[in-house]
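Participant: Listed below are the residues making up each chain.
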Amino acid sequence: MLSRVAESLYWMGRYVERAENVARLLTVTAELATELEGLDDALAQAQWDELLAAVGASPESALDFSREGGLALPYVRWLLLDEANPMSVRHSLGRARENARSVREAITREVFLDLNESHRNLDRLVRRLPRDPVRAATEVAGTHQDIRRVLGSMELTLSRDLGWTFLKMGEAVERAQRTLTVLGARLPTLGTTPEEGDLPLFYARWRALLRSVASLENYRSVHGAALEPASVLRFLLFHAAAPRSVACGVTRLAAYLERLPRADEGGAARRIVGRMDAMLRYDGEERLAKEGPVWLCEHLAGELAAAHDEIARMYFRG
Amino acid sequence: MEWIPESASYDEIFSPGGATRGHYERVLGILGGLDPREIARRERLQNLSLLNQGITFAVYGDRRGSERVFPFDFVPRIVPASEWRRLEAGLVQRITALNLFLKDVYTERACLREGIVPWELVLSRKEYKRELLGVVPPREIYTHVVGTDLIRGDDGEYLVLEDNCRCPSGVSYVLENRSLLKRSFPELFSAYAVRPVESYPAQLADVLRHVARRTDRAAPVVLTPGQFNSAYFEHSFLAREMGVPLVEAADLVVDGDHVFMRTTAGLERVDCIYRRIDDDFLDPLVFRADSALGVPGLLNAYRAGNVALCNAPGAGVADDKAIYAYLPDLVRFYLDEDPILGQVPTWVGARPDDFAYMIEHLDELVVKTTGDAGGYGMLMGPFSTKAEIDAYRRKMRENPGGYIGQPVIQLSSHGTWIDQAFRPRRIDLRPFVLYGDRIQVLPGGLTRVALREGSLVVNSSQGGGSKDTWVLAEDGA
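If you're matching them up, the sequences are chains A and B in order.
For the first sequence, the numbering used here begins at 104 and goes up steadily by one.
For the second sequence, the numbering used here begins at 249 and goes up steadily by one.
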């Protein structure tokens, strides 16, 4: 497979995953912030600030975050539709589409069609910006559905060849990174024990954390309805069967790396990912207890970034 | 619903008396039974389908690099079987002669020595590549893909307007138009035996493998200038349909006179390149040092016989506008046959008598510069002011050999759905011809239509659209 094509597919996988993640984070954050508004306005505002931290976006100071049309509206517009914002869903879908367009011969018609249509739907939205929170929420949900359709087309139609491996590698890296950044942004303010009389609020916030990485149902099926912060954290870090856990992403990545040509020469990427995989399987609990969750998240994020660099050096530069 | 016939040129649908030509009767019957609102609904679906599939071309000079759809008209252009048989024979004959001419120009030069074509005319062409003198491409095929532009004169006679021997484009629209029309107007197909066109990519792949040195395990690729090229959709479409890699110049590297592509598994050998970039941008070491598009060393690999280039570099000299004037003589010279297809009378500036005639009759002629394509540098005499003609005449005197002149030919007209009626609009036809183990003409072609009333310009960049082109399996079918 051409190095250029491999790189485009890898980035297509990353950008579609990123668009999906941001769309879901927007929905969950808007719902939680709505619940909090009136109850604790500062906390409601904090949800949005943490969301920006979780996607690694910093709005320009000129951006209008006045509360015209509700607290959520400016964030939704900026993170869903603003082309100039490199973390917006529109930007990600646009890049995914550009990548897909440059490798149309390597993907199926269905994948391109669905991706192109999602992108065009967002383009239409830009021309008539949502002006009230209900419409905004509907549009986010519609976009999210569009993206899931793209993911479905990939699953249904793409050949499980080398291209697929690169696409899925991009997806796995992006997804694990997102879980880590969401944890990194939310953990410091979440608290591990509810304050007196605040149990419902405490639950709402931990539930939102799980939902924002699409893991609430998965968590319940393992741990039941009681949200125990320590087990939520372990679930998102170590649970091998949870599709959004860091361990699951790293295990997938390790398996994909084995399928690549010249895997035995690809020493550095394999070493980094193998080391992470082993740590998450065997030493995770110990490191978590010793170094704390914030350190662990930062460490893993750094290792993932290093793995990305090595993959790019080995396979994309030709 | 109203059908408006054309009186100023040959009407494809109606005979001069106003009667419907036999092969169009059923189309008129079926379309006549549709409600205009239903037609509008189907047209919207067609347009949406084109946009969603990204079947678009880039518009140059547009700041945002925007993409547009090539407008599609659903009234099919129908060619009866007997008409097609003659066209097919004429195209095979012409392309055989073009290839013999190219081989001759780059080797024996019999046509020059015997005075069929003047030496200086051939040797001064920009498309003539002296670097390739003595180089014979694999299996002596120069033009693996040709898109010949045909028009019909007032009497309905098909005439060759232009031979496109370099990188003719449009075949993706032939296939996409067919698939689009099948989905949006399926009832039309049940009334006719229309010859399918879907085999084109497989046939093209066969041609590419046929000319590769390692035919058993040949690895063909499609070479594109990249996604900002106006025909990028087609490049990617053909690569996808053939199941071969679509490469850009930067993906290729030449080592030891062999061509390789950079893959995730390291370098992989390439045997055959269906290149969709011009000669000048193929190899910066040979043609244009300032080109960022090319593959350094590619021509050496080609000369060494290690890679086939389709079409062969240097083939452009055969579709030159001045050489065109000599084509009938060349057919007789190489094949000892009379040309089956007619062509447009052409005065060649390099011939003093012709030039004198052109200078005197500019107000009646279409004058073209021989080097340019796509209507650049052209004078449409009957539609120009005296000042424009005088200025053009002064330019012509500086370089007589750079010009050719032709009478204005009325293109044939074809009913086209515009503003709630079927109105006559001018059309041409570009069939696609493949040259591998034999010459094959795809039964169909790109019918381009000038959507503006009275316009003769069918180019997509200037208000042109396209139609599905049906070649019938048997007459009257």
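Hint data in this document are derived by calculation from the structure and do not stem from the laboratory.
Quick reminder that beta carbons are idealized off the backbone N, C-alpha and C, glycines included.
Do not rely on the hints blindly, as some may be mistaken.
Claimed, not checked - Computed far set for chain B versus chain A, every beta-carbon distance over 12 Å:
{"no.": "1", "residue": "470"}
{"no.": "2", "residue": "495"}
{"no.": "3", "residue": "499"}
{"no.": "4", "residue": "538"}
{"no.": "5", "residue": "553"}
{"no.": "6", "residue": "589"}
Said to hold, decoys possible - Sample of chain B residues at the chain A side, in silico, Cβ under 7 Å:
{"no.": "7", "residue": "267"}
{"no.": "8", "residue": "301"}
{"no.": "9", "residue": "302"}
{"no.": "10", "residue": "303"}
{"no.": "11", "residue": "484"}
{"no.": "12", "residue": "487"}
{"no.": "13", "residue": "511"}
{"no.": "14", "residue": "513"}
What the hints assert, rightly or not - Derived list of chain A stretches under chain B, where covered just means 3 residues or more per stretch with a C-beta under 8 Å from a C-beta of chain B:
{"no.": "15", "stretch": "217-224"}
{"no.": "16", "stretch": "227-234"}
{"no.": "17", "stretch": "304-313"}
Participant: If a hint holds in the structure, say so; if it does not, say that too.
Facilitator: Verification of the hints:
no.	hint	result
1	470	violated (8 Å)
2	495	violated (6 Å)
3	499	violated (5 Å)
4	538	holds (23 Å)
5	553	holds (25 Å)
6	589	holds (35 Å)
7	267	violated (43 Å)
8	301	holds (6 Å)
9	302	holds (5 Å)
10	303	violated (10 Å)
11	484	holds (4 Å)
12	487	holds (4 Å)
13	511	holds (6 Å)
14	513	holds (4 Å)
15	217-224	holds (count 3)
16	227-234	violated (count 0)
17	304-313	violated (count 0)
In summary, the structure is inconsistent with hints 1, 2, 3, 7, 10, 16 and 17 from the numbered list given earlier, while agreeing with the others.
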